[in-house]
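If you read the sequences in order, they're chains S and X.
First residue of the first sequence? That's 1 in this note's numbering, and the numbers climb one at a time after it.
First residue of the second sequence? That's 1 in this note's numbering, and the numbers climb one at a time after it.
By construction, these hints were calculated from the structure, which means they are not laboratory data.
Small disclaimer: the values here were computed from a predicted structure and weren't measured.
Hints are supplied without guarantee of correctness; some may be wrong.
Note that identical chains are pooled: a pair holds if it fits in a single copy or bridges any two copies.
As the list claims (entries may be wrong) - Simulated crosslink set (BS3-like; lysine-lysine; CA at most 30 angstroms straight-line):
#1 K234 / K328
#2 K620 / K81
#3 K594 / K582
#4 K131 / K46
2 protein chains.
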Amino acid sequence: LAVVFGMAVAFAPVPRITWEHRDVGLVRFHEPGVFNYSTLLLSEHKDTLYVGAREAVFALNALNIAEKQHEIYWKVSEDKKAKCAEKGKSKQTECLNYIRVLQPLDTNTLYVCGTNAFQPTCDHLSLTAFKFLGKNEDGKGRCPFDPAQSYTSVMVDGELYSGTSYNFLGSEPIISRHSSQSPLRTEYAIPWLNEPSFVFTDVIRRNPNDTEGEDDKVYFFFMEVSVEYEFMFKLMIPRIARVCKGDQGGLRTLQKKWTSFLKARLICSKPDSNLVFNMLQDVFILRGPWLKEPVFYGVFTPQLNNVGLSAVCVYNLSSVEEVFSRGKYMQSATVEQSHTKWVRYNGAVPRPRPGACINSEARAANFTSSLNLPDKTLQFVKDHPLMDDSITPTDNRPRLIQKDVNYTQIVVDRVQALDETICDVMFISTDRGALHKAVSLENGVHVIEETQLFQDFSPVQTLLLSSKKGKRFVYAGSNSGMVQAPVAFCGKHSTCVDCVLARDPYCAWSPHTTACVTLHQEHGSGRGLIQDMSGDVSACPDKVQGSSQQHFFKHGGTAELKCSQKSNWARVVWKFQNGVLKADSPKYSLVGRKNLLIFNLSTGDSGVYQCLSEETVKNKTVSQELAKHVLEVKVVSSPPVAPTLL
Amino acid sequence: LAVVFGMAVAFAPVPRITWEHRDVGLVRFHEPGVFNYSTLLLSEHKDTLYVGAREAVFALNALNIAEKQHEIYWKVSEDKKAKCAEKGKSKQTECLNYIRVLQPLDTNTLYVCGTNAFQPTCDHLSLTAFKFLGKNEDGKGRCPFDPAQSYTSVMVDGELYSGTSYNFLGSEPIISRHSSQSPLRTEYAIPWLNEPSFVFTDVIRRNPNDTEGEDDKVYFFFMEVSVEYEFMFKLMIPRIARVCKGDQGGLRTLQKKWTSFLKARLICSKPDSNLVFNMLQDVFILRGPWLKEPVFYGVFTPQLNNVGLSAVCVYNLSSVEEVFSRGKYMQSATVEQSHTKWVRYNGAVPRPRPGACINSEARAANFTSSLNLPDKTLQFVKDHPLMDDSITPTDNRPRLIQKDVNYTQIVVDRVQALDETICDVMFISTDRGALHKAVSLENGVHVIEETQLFQDFSPVQTLLLSSKKGKRFVYAGSNSGMVQAPVAFCGKHSTCVDCVLARDPYCAWSPHTTACVTLHQEHGSGRGLIQDMSGDVSACPDKVQGSSQQHFFKHGGTAELKCSQKSNWARVVWKFQNGVLKADSPKYSLVGRKNLLIFNLSTGDSGVYQCLSEETVKNKTVSQELAKHVLEVKVVSSPPVAPTLL
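Chain S extracted, bound-state conformation (with noise of 0.2 angstroms):
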């Protein structure tokens, strides 16, 4: 008759600023009657975002969206729309050309895939005349024939290597490359691919300092249903799986199919709290000059019991590699004639090693190609795709864990602050058109701000970032359009104070100017610059005694004094002639929790009203003044009239 409640879970806290979509001009684009802005590309040399929606192609100048360079309509004409509608779907939704794929084939050239009415199709698109070349091409196995149905696909040295759906029915999942010299793709079984739901594909190269002559790797994260648990109703597994660019298939088995194809489970989960994401919603590569090795960011919701939970786990390269390359597989056995139960394998694993890529050792033992690998390696890679071990993310609990929202995309910045550490800011969006902006800082995540993108509060179904010096933008797409946002707005913080509390680390206080300026916008040097990522505001100059406002009330009236404070993390404090009031009394009241109202005014009220916030970083609590008003009550000799206050 007794059990524990109650667990010890580090929700992340509410962002510290909240930009409602008025508090601040962002720059927008939508065309009438063209709607899911889905799928983006930039050209950073061209500073041109190239935007695919429904039925619509748009090429619009990077630095400022609002400026459409070019566009280009490719409709479903009328003949194929009657066909798709007889098939049972919808004429006004399920029956156009939902732009999926947009990957560039050339410079001059981008590689365009639609749904096409069901009937996906593929074309070239020229981008100095900014028309389609008409190739025509069969977009099967590139685009899904639903534009509801997931999908994900990148170009590699003119490759297109795409996870999505094959059929019209969109039951038979694959992954697979779209090559004339050799296409490969996955085997249609549930060991392979079990309803997979697709998130993210992208390359990574291989290290030019490996001495082991590796081979570039496409990963391809998505979900799918687990095999290897047993639940009371289906339950999703987050993947990534791995090919080699230099995979030919095999000769007889595995004859162009992956033999380079191996999937693991990405743990996401707190079990001490019983949490658990098991739905991946997006991956971010961050890589760069300043990282050792690629990281990949993913953001998570719950399957199970989700109310409004998120995550963002991070997992190394390295640590992916490991598993593929040194990791247990799992192998399925028959439990009484018709149950399948996946568990670790334990006997001998064949050489070369199943599902690594042509490396040095391998040419060394005169396997050249995959096309040579000897059956026993094959058959066994045809049979365990799946890893045992998982990956486990770094510090091995989520980065971040956030309440009241469902995170759908990510796209990570790496950025130095004033002191010269290196900051990963996550710019994480929502299913209600926010944006959240949070820093990895020492002690735990920072949610600096949260901004409304979209006023129609439509899902953000599509993040990108570019992150050019001088040139850092967030752009956003969604069913009804696309936005662009700077990546900071430190001018909206008009004290040293609000700048400093802010631990925004593209921000600075100049005292120079006596403004809150954009650090890596800002040429020369940051010396004279004040920023303290840990909160201290110490370094800021006393602040300048504030201006009072001076009012003049009657005997008997109320006074309302005005208050402003943005962040969400403060407390409002009022004070009288240097001692705090209580409010919520008969005497005082609050509106909108910061003004702040007197009932039946009296001499006595005459004096120095003060508005104070309170925040309190690293248990230091900072308070500023924001308001000071003085107040003057002045009896009306005149035949008095009660007042009755209730």
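Based on these hints, arrange chain X on the given structure of chain S.
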């Protein structure tokens, strides 16, 4: 790159009315220095409530628990306490005597067991002298060693049935019967009990109309670590187990062990919304003359991703019996030497059916006692105590799902509304010291009210209902004390509309006395009373025009007009001269979401202000005038001092 969010989950609305601790005067009992009021026993014919707490047992007047009739202390000796502390337990908390068993032995004796500093001990409490008889029985197997561990017990015909742990470490779980003639227990084996948490037990007597010679049965409710599902970590599964009162154990196989121990999964989930409630918190058995069979009410929370979700599921006895008497069994199979998988057993089942009580059919086949059951049957039940079929709730879904709350305990009252329909009223406590009262109506569950029972928000550990006519109370125990609450607060509803909108089956409006009265405490018929469980207020007499309040204000001042409304579902609307006012304009503001502030008064503001509450019940909006104010603004002829409203 596309995943669908959002679930169409029908959460129950917030309770319609919230009674704060100060709103309702509840009868309380608390003995200074005594904590953990966890074990309750009601003697309805004596009107006495027995309370087992830490190191004490009290007899309270059940009609007024503030009145203590008797008390007896049972403290741990200093010597024992020291020995307990030597074993690494806390002297201040764990090495005390927590009363865990309080059961009637005969009309004048209670059977009492306590943890007794990790040396569980039982004694007889004479009710005539209110003294322990000093029996000092070993309580092992009846009462846990550790006060933090789960326990449940019930006295049936002088024999104690209990579920608890059997050793100091709490690692050996046991369900047993303590009997001089035929003591029985469970096997100590994973298939029987796998790290269980015991929740509830009670006997259900054979149906007096039964012709199959069935036995009385004792049901145990608990949860344990799943063997049938495989998850990322230990998954708890709620279970119901059943033993027969006539069980005597086996002769060779299962000697002194249950031959009738069978258990099955209790399902409480909503698969279409991925909601899984697998943590069983409490069970209540509803029985009575109105019911054709007993009904089990279970309170559940989720184990996974629980940030405040609770559910109530209801099960019929017949659906439980169906599974035990005709369902399939589970069997375990070994996979690859080291893994165990539980699957449905499809082979032949021996006769008599394993785990069945000895009934007429068995007797006719000469099996008059479990002692002469064939070895095959006994070996089978020993290996297959778990059923493959699950117990599904009525309507195949939870009766109630509530957000932002952790339910702990439940009692259910069955009452007759004025129109003679039968209503099941659920009283469900929370881990924050509150009590929810909900009623199942045709179109779903209506949460009538929430009452803050404990001011310190301590979790409600135990609930008990007394439903004697005219003496209906809910008793609640927490770590800090006891509370006695009436089943309804009818008198708090001051108008007919309020009384009817409450949709409380206990309450009806008496036009005669112009008061909202408690139905079942009224003598005589309900003739002339008004109640409508669908919330139709049309039977209420036309509201007598409420008197209005007159106010005079000075020009330029601010007025605050009051209004009060209890319903959390109602919207407050202010009208001026019959036009709806827009609050939160520069002219008007709402304080506390109800009272109206009018700024900068001018003569044009003179007139009639009405505060209305609007509440929508079954798509019909009921509007009620809550307050009426007549305002007169007077210009004071004097040299004006400009009022500066900011």
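Hints and how they fare:
For a Cα distance limit of 30 angstroms, the shortest separation of K234 from K328 qualifies both inside one copy, at 25 angstroms, and across copies, at 23 angstroms. Taking the shortest Cα distances, K620 and K81 never come within 30 angstroms of each other, neither inside one copy (65 angstroms) nor across copies (44 angstroms). Proximity of K594 and K582 under a CA criterion of 30 angstroms is satisfied in both settings, with 13 angstroms inside one chain copy and 21 angstroms between copies. In this assembly of identical chains, the alpha carbons of K131 and K46 lie at most 30 angstroms apart only when taken from the same copy (18 angstroms versus 93 angstroms across copies).
Going through the hint list in order, the structure does not satisfy hint 2, though it satisfies all others.
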